[in-house]
Amino acid sequence: MLSFVKRHQVILASIILSLFSLHLSSLVRKGTGGEVIVRAVLSAVTSPFERTLVRMETKVKGVWGGYIYLVGQRAENENLKKTIYTLTDENNKLKEELSLDSRMKELLKFKEESAVPTLAARIIGMSNFGAGGGWARTLTLDRGSLEGAEVDMPVVSPRGVVGRIIEVTQRTSTVLLLVDPRSNIDVTVQRTRIRSVAEGNGTSLTLKYVRPFDDVQEGDVVTTAGLSGIFPKGLYVGEVTTVERGEDNLFRYIEVKPASDIRKLEEVLIVKEKQNLLSGIERAGKSIP
Amino acid sequence: MKDFFIFLPLTVVYLAFKAAVFPSLPLPDITLLIVLFVAQKGASVGGALLSFVLGYVDDVFSGAIIGSTSFALALTFGVAYLLSRKVHFSTVAAMAIGSAGLDLFKWVLILAALGLSGVKFPFMPQILLTVTVTGFFAPVILPFFRRLSATKVPGAQRGGER
Numbered sequence: 001m002l003s004f005v006k007r008h009q010v011i012l013a014s015i016i017l018s019l020f021s022l023h024l025s026s027l028v029r030k031g032t033g034g035e036v037i038v039r040a041v042l043s044a045v046t047s048p049f050e051r052t053l054v055r056m057e058t059k060v061k062g063v064w065g066g067y068i069y070l071v072g073q074r075a076e077n078e079n080l081k082k083t084i085y086t087l088t089d090e091n092n093k094l095k096e097e098l099s100l101d102s103r104m105k106e107l108l109k110f111k112e113e114s115a116v117p118t119l120a121a122r123i124i125g126m127s128n129f130g131a132g133g134g135w136a137r138t139l140t141l142d143r144g145s146l147e148g149a150e151v152d153m154p155v156v157s158p159r160g161v162v163g164r165i166i167e168v169t170q171r172t173s174t175v176l177l178l179v180d181p182r183s184n185i186d187v188t189v190q191r192t193r194i195r196s197v198a199e200g201n202g203t204s205l206t207l208k209y210v211r212p213f214d215d216v217q218e219g220d221v222v223t224t225a226g227l228s229g230i231f232p233k234g235l236y237v238g239e240v241t242t243v244e245r246g247e248d249n250l251f252r253y254i255e256v257k258p259a260s261d262i263r264k265l266e267e268v269l270i271v272k273e274k275q276n277l278l279s280g281i282e283r284a285g286k287s288i289p
Numbered sequence: 001m002k003d004f005f006i007f008l009p010l011t012v013v014y015l016a017f018k019a020a021v022f023p024s025l026p027l028p029d030i031t032l033l034i035v036l037f038v039a040q041k042g043a044s045v046g047g048a049l050l051s052f053v054l055g056y057v058d059d060v061f062s063g064a065i066i067g068s069t070s071f072a073l074a075l076t077f078g079v080a081y082l083l084s085r086k087v088h089f090s091t092v093a094a095m096a097i098g099s100a101g102l103d104l105f106k107w108v109l110i111l112a113a114l115g116l117s118g119v120k121f122p123f124m125p126q127i128l129l130t131v132t133v134t135g136f137f138a139p140v141i142l143p144f145f146r147r148l149s150a151t152k153v154p155g156a157q158r159g160g161e162r
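Protein chains in written order, with the working numbering: chain A, 1 to 289; chain B, 1 to 162.
Check the hints yourself; a few may be wrong.
[Said to hold, decoys possible] Under the rule of at most 20 Å between Cα atoms (straight-line distance), these lysine to any residue pairs were calculated in the SDA-like manner:
no., chain 1, residue 1, chain 2, residue 2
1, B, Lys120, A, Asp186
2, B, Lys120, A, Glu247
3, A, Lys257, B, Met124
4, A, Lys272, A, Leu100
5, A, Lys264, B, Phe17
6, B, Lys120, A, Gly234
7, B, Lys41, B, Phe144
8, A, Lys264, A, Leu100
9, A, Lys233, A, Met153
10, A, Lys208, B, Val119
11, B, Lys41, B, Lys120
12, A, Lys6, B, Leu82
13, A, Lys208, A, Gly234
14, B, Lys120, A, Gly148
15, A, Lys93, A, Lys109
16, B, Lys41, A, Tyr253
17, B, Lys86, B, Leu116
18, B, Lys120, A, Lys272
19, A, Lys264, B, Ala96
20, B, Lys41, B, Ala112
21, B, Lys120, A, Pro181
22, B, Lys86, A, Val10
Read the hints as simulated data drawn from the structure, not as lab findings.
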């Protein structure tokens, strides 16, 4: 027996560790919270690094843009080149500031309209988008429990719902996006008031339990129903893009394109008051073309 | 022990870099390549433990269900260990095909773990892209790991040898 264990120790170890992992995943789904310490330690170690990387990326983009612009001007005299470089650099900086200013204005307007306590946060990390592979769809924000972020707080953008916070450390928060396969939210089709559950499928949302005779059409706006206890009623979720007959013939297959294009977002708002958002956000959602 | 000192910080830096700067790029699956490297170098219980830890760190970084990637990586390590007794991952083709195959196997295991956890997730084309990129870069990265592993780490004993 002992010799068998010794001979196959590597295989046995890998099997035991994989079974332990499965056990861990079931514990986490039950919400025992044992992984929080590890997350907190890793977050404390890596979040300054991530913040620096994001800042560096912005600077490198500016310098790189300026350099590329100057390559074609090398043949011209040195003074002109220097002038162009300086102007391009300034132009890039101004463009960056203008873009930041416009985003901030939009966010501020949205914040004022919603009139509930919100917390502006910057996205410092994303997991597995587009061609990045992977299955989880999450964001890392630069705000944590020290700034008042809590688990289950909704995260929104001027375009609509982004997701909800699932993990909080002192300095960072992890947001589960609407399109994550673990995400399920109660929604209403705005035009016909039909209620459904929007489930993430990795790239978009699927409306569940919509019967064949329910009136849902392509282009219909979908908002939060306010039944989950997390998302306030009336937040813009997205727009119906596909309505088909379901495989089981019992329910229809309806796909919803999420309102917020996460890849274009840089800042978001954490809603610090659950279930009590004013109609300003709903208005903001409706005004989206 | 030495592998822990080298590959754990490397994984943390890689995952932080990926999350902050290149979330949309199909980068090679470094954790899988580390697991393959450790398994074929001279597998030990320490190697299995390293695979588990790397999977755990990956889960923490990606916000995934804790245990899903560590489950897949620990089992992939076992399979890579068994494979490495039959196949030598020394040629470019063996490294590329072996890495891509094992990456695909890892993803199937992750999807199975998700299925057990009640999370439905379709097999996405992005996964095939990641698998291809991993296979493509494996002949460059695996020899780099070999060189990295041969460097002396102060305070760390040489471990993971058969």
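Going down the list of hints, with the structure as the test:
1. For the suggested pair lysine 120(B) and aspartate 186(A), the alpha carbons sit about 18 Å apart, so the restraint of at most 20 Å is met.
2. Restraint check: the Cα-Cα separation between lysine 120(B) and glutamate 247(A) comes to about 16 Å, which is no more than 20 Å; the hinted pair holds.
3. Distance hint between lysine 257(A) and methionine 124(B) is fulfilled; the C-alpha atoms sit about 17 Å from each other, no more than 20 Å.
4. Simply put, lysine 272(A) and leucine 100(A) have alpha-carbon atoms about 23 Å apart, too far for the 20 Å limit, and the pair is violated.
5. The suggested pairing of lysine 264(A) with phenylalanine 17(B) holds, with an alpha-carbon distance near 19 Å, which does not exceed 20 Å.
6. Using a Cα cut-off of 20 Å, the hinted pair lysine 120(B) and glycine 234(A) is violated, with the two alpha carbons roughly 27 Å apart.
7. Between the alpha carbons of lysine 41(B) and phenylalanine 144(B) the distance comes to roughly 13 Å, so the proposed pair stays at or under 20 Å and holds.
8. Taking the CA atoms of lysine 264(A) and leucine 100(A), the gap is near 13 Å; set against the 20 Å cutoff, the hint holds.
9. With a CA separation close to 14 Å, the supplied pair lysine 233(A) and methionine 153(A) stays within the 20 Å bound.
10. With a C-alpha separation of about 15 Å, the suggested pairing of lysine 208(A) with valine 119(B) holds against the 20 Å cut-off.
11. The suggested pairing of lysine 41(B) with lysine 120(B) is violated, with an alpha-carbon distance near 36 Å, which exceeds 20 Å.
12. A C-alpha spacing of about 15 Å is found between lysine 6(A) and leucine 82(B), which places the hinted pair at or below 20 Å, so the restraint holds.
13. At roughly 19 Å between alpha-carbon atoms, lysine 208(A) and glycine 234(A) fall within 20 Å of each other, so this suggested pair holds.
14. Under the criterion of a C-alpha separation no larger than 20 Å, the hint pairing lysine 120(B) with glycine 148(A) is inconsistent with the structure, at around 33 Å.
15. With a C-alpha separation of about 24 Å, the suggested pairing of lysine 93(A) with lysine 109(A) is violated against the 20 Å cut-off.
16. The hinted pair formed by lysine 41(B) and tyrosine 253(A) fails the criterion: a straight-line CA distance of about 49 Å is larger than 20 Å.
17. The straight-line distance between the Cα atoms of lysine 86(B) and leucine 116(B) is roughly 31 Å, outside the 20 Å bound, and the hint therefore fails.
18. Restraint check: the Cα-Cα separation between lysine 120(B) and lysine 272(A) comes to about 30 Å, which exceeds 20 Å; the hinted pair is violated.
19. For the hint linking lysine 264(A) to alanine 96(B), the alpha-carbon distance of about 34 Å lies beyond 20 Å, and the restraint is violated.
20. The suggested pairing of lysine 41(B) with alanine 112(B) is violated, with an alpha-carbon distance near 28 Å, which exceeds 20 Å.
21. Between lysine 120(B) and proline 181(A) the alpha-carbon distance is near 6 Å, which keeps this suggested pair within the 20 Å criterion.
22. Distance check on the hinted pair: lysine 86(B) and valine 10(A) sit about 16 Å apart at the alpha-carbon level, within 20 Å; holds.
When each numbered hint is compared with the structure, violations occur for hints 4, 6, 11, 14, 15, 16, 17, 18, 19, 20.
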